[in-house]
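Could you put together the complete structure from these sequences and hints?
Residues per chain, in single letters:
2 protein chains.
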Amino acid sequence: MSTNERENLLHLLNEQLRHFSTDTILFHQAVAEKLGLNSTDHKCLDIILRNQPITAGKLSDLTGLTTGTVTGVIDRLEKAGYVFREKDPEDRRKVIVRVHMEKAEGEIMAHLQSFGQSMKAMLEQYDNEQIKLLFDFFERSRDITRNETLKLKK
Amino acid sequence: MSTNERENLLHLLNEQLRHFSTDTILFHQAVAEKLGLNSTDHKCLDIILRNQPITAGKLSDLTGLTTGTVTGVIDRLEKAGYVFREKDPEDRRKVIVRVHMEKAEGEIMAHLQSFGQSMKAMLEQYDNEQIKLLFDFFERSRDITRNETLKLKK
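Order-wise, the sequence lines are chains A and B.
Numbered per full-length UniProt numbering, the first sequence spans residues 1 to 154.
Numbered per full-length UniProt numbering, the second sequence spans residues 1 to 154.
Think of the hints as simulated: they come from the structure by calculation, not from any bench.
All clues given are correct.
All copies of an identical chain are treated as equivalent in the list; a pair is satisfied when it fits inside any one copy or across any two copies.
Quick list of in silico lysine-lysine cross-link-like pairs, DSS-like style, CA-CA up to 30 Å:
1) K120 - K154
2) K154 - K34
3) K103 - K154
4) K120 - K132
5) K153 - K58
6) K79 - K153
7) K58 - K103
8) K79 - K34
9) K103 - K153
10) K34 - K58
11) K120 - K153
12) K103 - K151
13) K34 - K120
14) K34 - K151
Here's what the structure looks like:
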């Protein structure tokens with residue numbers, strides 16, 4: 001394979017990744033719309049779910065969003081009934097955020113179930129070596145993405 | 001490899017994909033913040049760039065967003081100076097949207113350049129067969145993602 005063909009392959013994959021990122025964002029926007037949220041709120045809810053109870057400061061650290069943006073996110077999530085704020089029982093000066101589990105898991109899962117099943121059926125067509133290659137690819141991509149997000153915040 | 005190990009591999013990749021989608025959305029949110037936009041506006045700008053001149057109706061079709069949401073998106077993009085509306089010279093009853101190319105390409109590219117370089121260096125470590133496997137994986141994932149987005153819109 002010539003240098004040009006190699007470059008063409010890399011170019012096609014790059015374009016594919018760009019399209020994939022657009023498709024992913026539009027899918028999550030559609031899920032978020034169903035939940036009455038924007039896509040940043042939706043992904044923050046996912047992060048709160050995995051790290052609760054959480055302070056606004058910690059959510060800001062984990063997401064790279066400014067504290068001002070995070071306050072707005074928590075306000076909207078609280079208003080929509082997905083999370084609530086309470087005083088930290090271990091330090092009454094601190095406010096922590098918790099998820100209303102039944103509402104959040106029920107509503108998010110209802111909208112992601114069909115997507116999850118389709119992806120699962122697709123992934124099962126790959127053998128174990130290929131699954132490992134994909135896992136490794138996403139590990140590297142996540143490292144790059146998080147580093148670049150942090151750079152943008154500086 | 002036992003059934004359990006296979007299931008574990010698939011589970012790990014699934015979790016990885018979920019994290020990757022969160023990281024991607026937060027990265028694009030960070031780019032959008034730099035541009036003074038939200039992430040949906042930012043991705044719509046990308047789609048307008050590739051399909052201009054475009055009507056609001058066509059943008060709604062391509063994104064799956066409601067016409068109401070699309071109007072808000074174009075308003076914000078116009079206010080931020082990235083796009084402008086004009087009457088379609090071929091049909092004066094129609095309004096079409098165009099991009100202020102210099103501003104849009106200059107500002108978006110400035111923020112994506114470092115990310116693009118890091119991804120390129122990472123992708124170059126894969127051989128052609130692996131690149132093809134990744135391309136094919138993203139092709140399938142995009143089909144699923146777009147189908148599921150359309151389902152959510154019904």
